[in-house]
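*Asks:* Chains as they are written, first to last, in our numbering: chain E, 2 to 175; chain V, 514 to 711.
It is worth saying that the hints were derived from the structure and are not from the lab. Bear in mind that the values here come from a model prediction, so they are computed numbers and not experimental data. We put the beta carbon where it would ideally sit given N, CA and C, even for glycine. Heads up, a few of these hints could be off.
What the hints assert, rightly or not - Partial pick of chain V residues on the chain E-facing surface, computed with a CB cut under 7 Å:
#	residue
1	Y554
2	A558
3	R560
4	H562
5	A566
6	E577
7	Q581
8	E582
9	F584
10	V585
11	R586
12	W588
13	Q589
14	L616
15	S618
To be verified - Chain V side only, calculated, beta carbon under 8 Å to chain E, not exhaustive:
#	residue
16	M547
17	E551
18	A552
19	G559
20	R567
21	G573
22	T580
23	M614
24	R617
25	L653
26	D672
27	E674
28	R700
29	L702
As the list claims (entries may be wrong) - To list a few chain E residues with every Cβ distance to chain V over 10 Å, as calculated:
#	residue
30	D17
31	I44
32	L102
33	M107
34	R109
35	M115
36	A125
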Amino acid sequence: MNTHDTDDTRRDDLPDALRWQLRAMRRDDAPDRDLWSGIAERIQAQPRQLARQRPRWIAPVAMAATLVLAIGTIGLWRSGGEGPGSPGTQPAAQSESLVQLEAQGMRRQYQAAMIEIGPGRPPAELQPAFDELDRNAALILDALAHNPDSRLLLEQLRRTYARRLALAQRVAYA
Amino acid sequence: MLTVVTESLTDAPAVPDDGSEERSLVAAAARGEMQAFEALYRRHAGRVHGVIARLVGSHGARAEDLTQEAFVRAWQALPAFRFESAFSTWLHRLAVNTALMELRSRRSRPQDEGDSDEEVFELIGSTDSAGHTTALSMDLERAVASLPPRARAVLVLYDVEGWKHEEIAAELGMAVGSSKAQLHRARNLLRDRLEAHA
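Just chain E, with the same shape it has in the complex (with noise of 0.2 Å):
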């Protein structure tokens, strides 16, 4: 907790009196509505990862069992030359949730896209803006790493990438 103004920002900021009405703000608020039935719904349609359901003692046989499966499916795709997906296209683990999936093929296709668009470089005064759309791309993708399975973070990704390739047209075409 903050000891309040103890350092630059100064204590004639804000009046004593408001500092206590805005530490009164802090109270509950319920929805409007109930919102449980939406959230049921949700999370019954998105199965948790099993692999977070399991005690902490399965992991390492689990990480074994998997590295095992790793390397058969690899030694299988080698000696059977290629695997069911385009060449260099990793299978797909089978922890990976839907969510992710989708993700993923969001980003191969972003980064198609961006190929197909070419290396223009960007104005000066654009740097910023596509500095930070890469950023929250990344910022993104690592809290998917974290959740993934929300569809929230899945439709912020597709609006990060159809921005930052809507920023790419307008160079390439300017």
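Go by the hints and put chain V onto chain E.
*Replies:* Then chain V, alone, in the frame of chain E:
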């Protein structure tokens, strides 16, 4: 960062019955029992919605969508919850994180880069999907809701929720100095708006 943060807020008010009953509900929900999770939702919906609404400016449907998202994320993350902090604290952090994620996403839009006051003024008195106005009952709440998003988030986290600048800066992906500057800006704007309507 966007990860679910589990460290405690030392002054986070606990839900009155945050004892053994809550603990067993959390454990049952972590095992996948929906009824237990519904009970947790009933206990904490007001608190979660409250902090989200303050952070996004009490924007009716938007705050409700984010509250729903926060509970879905909590359900997904519960199996990893190790009681290193109170459940209510963990959930509160997760709710803040969910609201700030949305704020960051809005910031990434080119048209939102200026964090313009105009955009935020549009939110005041707007209606939600059910046609209800999101008008706030108190002048102070209205004034806080009218602040630009980043300034509002910093003011709410510092002056209402009692966070430190270091925590705010980490969550919002900004420098500590920027958090202090945003707080200074937010307080000045707040006082101006309160005086203008006095």
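*Asks:* All hints are to be evaluated individually against the structure, with a verdict given for each.
*Replies:* Tested hints:
With its C-beta approaching chain E no nearer than about 6 Å, V:Y554 sits inside the 7 Å limit, and its interface hint holds. Because the closest C-beta pair between V:A558 and chain E is about 6 Å apart, less than 7 Å, the hint holds. With a cut of 7 Å, the hint placing V:R560 at the interface with chain E holds, because the nearest CB-to-CB distance is about 5 Å. Satisfaction of the interface hint for V:H562 is found here, the shortest Cβ-Cβ separation to chain E being roughly 5 Å, below the 7 Å cut-off.
For the restraint placing V:A566 at the interface with chain E, the shortest Cβ-Cβ distance is roughly 5 Å, inside the 7 Å limit, so the hint holds. Taken as an interface hint, V:E577 checks out: its beta carbon lies about 5 Å from the nearest beta carbon of chain E, inside 7 Å. For V:Q581, the suggested interface contact is upheld, since its CB lies about 5 Å from the closest CB of chain E, less than 7 Å. Evaluation of the V:E582 hint against chain E yields a held restraint, the C-beta minimum of about 5 Å falling below 7 Å.
With a least beta-carbon distance of about 5 Å to chain E, the hint placing V:F584 at the interface is held under the 7 Å criterion. At about 5 Å, the closest approach between the beta carbon of V:V585 and any beta carbon in chain E falls short of 7 Å, and the interface hint on this residue holds. Hint status for V:R586: holds, given a least beta-carbon distance of 5 Å to chain E, under 7 Å. Interface hint status for V:W588: upheld, as the beta-carbon distance to the closest one in chain E is roughly 5 Å, under 7 Å.
Below 7 Å, beta-carbon pairs count as interface contacts, and V:Q589 has one with chain E at about 5 Å; its hint therefore holds. A hinted interface residue such as V:L616 counts as satisfied when its beta carbon comes closer than 7 Å to some beta carbon of chain E; here the least separation is about 11 Å, so the hint is violated. Below 7 Å, beta-carbon pairs count as interface contacts, and V:S618 has one with chain E at about 4 Å; its hint therefore holds. With its C-beta approaching chain E no nearer than about 6 Å, V:M547 sits inside the 8 Å limit, and its interface hint holds.
Taking 8 Å as the C-beta contact cut-off toward chain E, the hint placing V:E551 at the interface holds, the least distance being around 6 Å. Below 8 Å, beta-carbon pairs count as interface contacts, and V:A552 has none with chain E, the closest being about 10 Å; its hint is therefore violated. Interface restraint check: V:G559 against chain E, minimum CB-CB distance 3 Å, threshold 8 Å, status holds. Given hint, V:R567 at the interface with chain E, holds; its Cβ is 6 Å from that chain's nearest Cβ, closer than 8 Å.
With 8 Å as the threshold, the beta carbon of V:G573 comes within range of chain E, its nearest partner Cβ sitting at about 7 Å, so the hint holds. Contact between V:T580 and chain E, as hinted, is supported at the beta carbon level, the nearest pair being about 6 Å apart and thus within 8 Å. Using the Cβ-Cβ criterion of 8 Å, the hint placing V:M614 at the interface with chain E is satisfied: the shortest such distance is roughly 7 Å. Interface restraint check: V:R617 against chain E, minimum CB-CB distance 6 Å, threshold 8 Å, status holds.
Of the supplied interface hints, the one on V:L653 holds, with its beta-carbon coming within about 5 Å of a beta-carbon of chain E, less than 8 Å. The interface hint given for V:D672 is met, as the beta carbon of that residue sits about 4 Å from the closest beta carbon of chain E, less than 8 Å. With its C-beta approaching chain E no nearer than about 6 Å, V:E674 sits inside the 8 Å limit, and its interface hint holds. About 5 Å separates the beta-carbon of V:R700 from the nearest beta-carbon of chain E, less than 8 Å, and the hint is met.
The interface hint given for V:L702 is broken, as the beta carbon of that residue sits about 12 Å from the closest beta carbon of chain E, more than 8 Å. Every CB of chain V lies more than 10 Å from the CB of E:D17, the least distance being 12 Å, so the non-interface label holds. Consistency note on E:I44: stated as away from chain V, yet its beta-carbon is not over 10 Å from all of that chain's, at 5 Å minimum. At the 10 Å boundary, the C-beta of E:L102 stays outside the reach of chain V, the nearest C-beta of that chain being 16 Å off.
With a cut of 10 Å on Cβ distances, E:M107 stays outside the contact zone with chain V, its closest approach being about 15 Å. Consistency note on E:R109: stated as away from chain V, and its beta-carbon is indeed over 10 Å from all of that chain's, at 21 Å minimum. Distance check on E:M115: its Cβ is at least 17 Å (rounded) from any Cβ of chain V, clearing the 10 Å threshold; non-interface status holds. Taking the minimum C-beta to C-beta distance to chain V, about 15 Å, the non-interface status of E:A125 holds against the 10 Å cut.
This entry does not satisfy hints 14, 18, 29 and 31, going by the numbered hints stated previously.
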